[in-house]
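Given chain A, work out where chains B, C and D should sit, using these hints.
Protein chains: 4
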Amino acid sequence: MAIKVEKIIVNQYKKPKLNSPILIGGLPGIGNIGKIAAEYLIEKLKMQKMIDIFSQYLPPQVFIGDDSTTFLVRNSLYYKKFPGKKDLMILVGDFQGTTQEGQYEMSYNVLEIARKYSVSMVYTLGGYSIGKIIESPRILGAVTSVDLKQSLIDNGVVFPKGEPGGGIVGSAGVMLGLAKELFSMKGACLMGETSGYFADPKGAREMLKVLCSILGIEIDLTDIEERSKQIEQITEKMQEEVQGKNQPKEDLGYFR
Amino acid sequence: MAIKVEKIIVNQYKKPKLNSPILIGGLPGIGNIGKIAAEYLIEKLKMQKMIDIFSQYLPPQVFIGDDSTTFLVRNSLYYKKFPGKKDLMILVGDFQGTTQEGQYEMSYNVLEIARKYSVSMVYTLGGYSIGKIIESPRILGAVTSVDLKQSLIDNGVVFPKGEPGGGIVGSAGVMLGLAKELFSMKGACLMGETSGYFADPKGAREMLKVLCSILGIEIDLTDIEERSKQIEQITEKMQEEVQGKNQPKEDLGYFR
Amino acid sequence: MAIKVEKIIVNQYKKPKLNSPILIGGLPGIGNIGKIAAEYLIEKLKMQKMIDIFSQYLPPQVFIGDDSTTFLVRNSLYYKKFPGKKDLMILVGDFQGTTQEGQYEMSYNVLEIARKYSVSMVYTLGGYSIGKIIESPRILGAVTSVDLKQSLIDNGVVFPKGEPGGGIVGSAGVMLGLAKELFSMKGACLMGETSGYFADPKGAREMLKVLCSILGIEIDLTDIEERSKQIEQITEKMQEEVQGKNQPKEDLGYFR
Amino acid sequence: MAIKVEKIIVNQYKKPKLNSPILIGGLPGIGNIGKIAAEYLIEKLKMQKMIDIFSQYLPPQVFIGDDSTTFLVRNSLYYKKFPGKKDLMILVGDFQGTTQEGQYEMSYNVLEIARKYSVSMVYTLGGYSIGKIIESPRILGAVTSVDLKQSLIDNGVVFPKGEPGGGIVGSAGVMLGLAKELFSMKGACLMGETSGYFADPKGAREMLKVLCSILGIEIDLTDIEERSKQIEQITEKMQEEVQGKNQPKEDLGYFR
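Residue numbers (my numbering), protein chains in the order written: chain A, 1 to 256; chain B, 1 to 256; chain C, 1 to 256; chain D, 1 to 256.
Honestly, the hints are just simulated from the structure, not real lab data.
Since copy identity is lost for identical chains, a pair holds within one copy or between any two.
In silico DSS-like cross-links for lysine-lysine, where the CA-CA straight-line distance does not exceed 27 Å:
| # | residue 1 | residue 2 |
| --- | --- | --- |
| 1 | K49 | K186 |
| 2 | K15 | K81 |
| 3 | K81 | K186 |
| 4 | K116 | K7 |
| 5 | K186 | K14 |
In isolation and in its complexed conformation, chain A is listed as follows:
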């Protein structure tokens, strides 16, 4: 007797009719820029969960909530309808696939779902580690085809030559690569500059501004501004202590 187990299991709770939705991928990554921005959008737009994805490519783990209930780690898809405009789907999750195989399979799986909903455009969100804290993080872009650049530039994305070097590793890269090569979908990766030393709401805030501009929507940014300020105060305090030890102000590399 042998039992066959699927590597990825998709639990679909809602089957909305969506109009050429835009898909945003916001899984954990550098500075957690993508995850923070995506979860903020879901909260402020009061988006609804349509799908949970459980998988062997995620750690074998449950989280325990404040009420002592268990929560199996997962990726989830949320949606919101924008009557008269393109609708919105957002992918968030506790982890990216933990292996090379998992990276490909998880991304492919989400794109299969996206194809069923006739997704018209994929944005993946990521962080770009620059190794120091800066005042005004930029949002860098990479695109599946050149014609996508101008409208992104108009919305505040920058395309500095040679940045980021080496390419994009992980979900934010693979989803774009597979979207282009195997799904004939267009897409762009948006990367918020971050020190890379901690979860970075400041980079996420800049990401949210760009995303709202791209999507033509407005959301309340007060909460993320507040979190950004708190982080700023903490890092300023750390820097002051560092100053006494004669370190250049912006260099916090040793906090890693």
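Coordinates of chains B, C and D only, in the frame set by chain A:
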């Protein structure tokens, strides 16, 4: 010519009719609390083996018995009928699945079997490492739904807020997570406090008291009391030697 | 377009009719005892190759021969008919499966072949590392059932209680475990004592004596005696050099 | 709901009719000899891409081009027709398969394609690391059968006994091994001597000379000569600086 090999092979020796059985998962883990308690129950209740599970997710190894016979490493399911009450199934084994994939597949596989037997409730047993030796280990709980808490509290389980932090990794967590999300089964994880430094019969003894209360059964705890005392004497002796070296009494971290 | 590749591919060159053959497994391992003994038997008995096994579980590698031709790494099965007696099959190879999964699949695959040929008994050969060089290595045994012990003892195998501790890891163990649990075949593991520091013809020579006794055959041991003597001279010389450095005579651990 | 994802996906853009083509494998490896030579041939012969191969066995990564467009990592097959002669197919790529399994599956997959095009001969290109910089790197050979040696020798390949020791690991080896054992194809591995410390156009230049001789074609080697000279100047300068530090001239091991 190619031969297809299954990743998990289930050998079923007995096919009892069981009444809404309770399933207890007691695989090796922190302090081996779960394994010690589960094997003690099997022995004292004279439970019968119904299934052996062999798998590529377990180490490629045989043990050699005192009579020089080989024993392929495995997980096993035992059962006992309690006329007029819910019956009992217990999972024990030599190892947990050794990979992330193995963790998910082995747990899924056991739950498939559980579904066939209409298992009504899953308890997974684990240890909660607190890094020091204590007199009275508590049994902490986590549940698949809030309504399960009160009856567990009545049987001696505690639910301190924020404990254990970070969630539950491995079989004790994944079985609960999959039970809830994919099998619509209810479950709870019981975690015995332990130093985590060695196989800990004292934590297992407290676990057994709670389990007997939950199951409404009585078993002879003399043997596990005896083993707990032996361990206590050994650790006390170690602590005395440590005292001479000016260490705080309860801290045995360096024995790891 | 997608191409499905098998994980194990079996190339069968000859399809002999065999009479309840005995299968000997002699893959590389501790001290290479099993491999040396098995290859020596194949050479001296002029056995014929019937099957090559190629696999993703073996390293991605070819060897280059003295004539500059490439040789893809493999496992191979040889056979010899003994009219009026049980015939003989021997498994040899360049590597064991390199992963846990590979260990199980490769062993299962060989046992599937064995089943087709109605193999009556499986002997796996291995080494038992004792960490020092000794004069007369013993051949330790482990069996799938107690009734096999006496005849092995009569042929020179020893079954010291508690040795070897911890069990048997790898092909020599898994083949026996699967043979017993999933194929209802009987088997024994023969382990030659060895320092474990280098390929050890002396242990292999003792293994060959026991095997010939078990199989009721005679082979010319001159060549393996010669190789044993050469190794003895080399290790004696190394020990003499060590003596000058005040090391106990038998301890060569640092040559590892 | 579960989605099955293929481990290797082949995108075929052109389906040329080819005449018993010769297949050359030039994936990245030691000194990148094979990759540099293969890409140079593709460029100078203005070969056309027929197939892209995407796979879970390659890193989960996109590169970003100068125009900010993403490029999913891949292996690719190019072809060129030589009227009246055997046609040519060349395999190049960003990476070899990153796991043992990937090495076998990727190679098997390419050979499946080769079989469909009735490939008559497979040359795999590699580097042979000799740990020092030399003036005139040789091209060493290994063959699937002895009868292939003489014509290779006539074209400048050498077959020194015992070189290279240990065999050929990776794509250049596995493709030959599988070609011989499972596809009944003939093949040879050509290995350019290289220090192994950096991408080595000098070894690739010598490889190209031998390949042109074997294929009976002529290509413009000016560009690779130029790159070889640049590398020579850089390494000479490094060596001069080293000289001042009393190092033997050819030893650049510490640049690794």
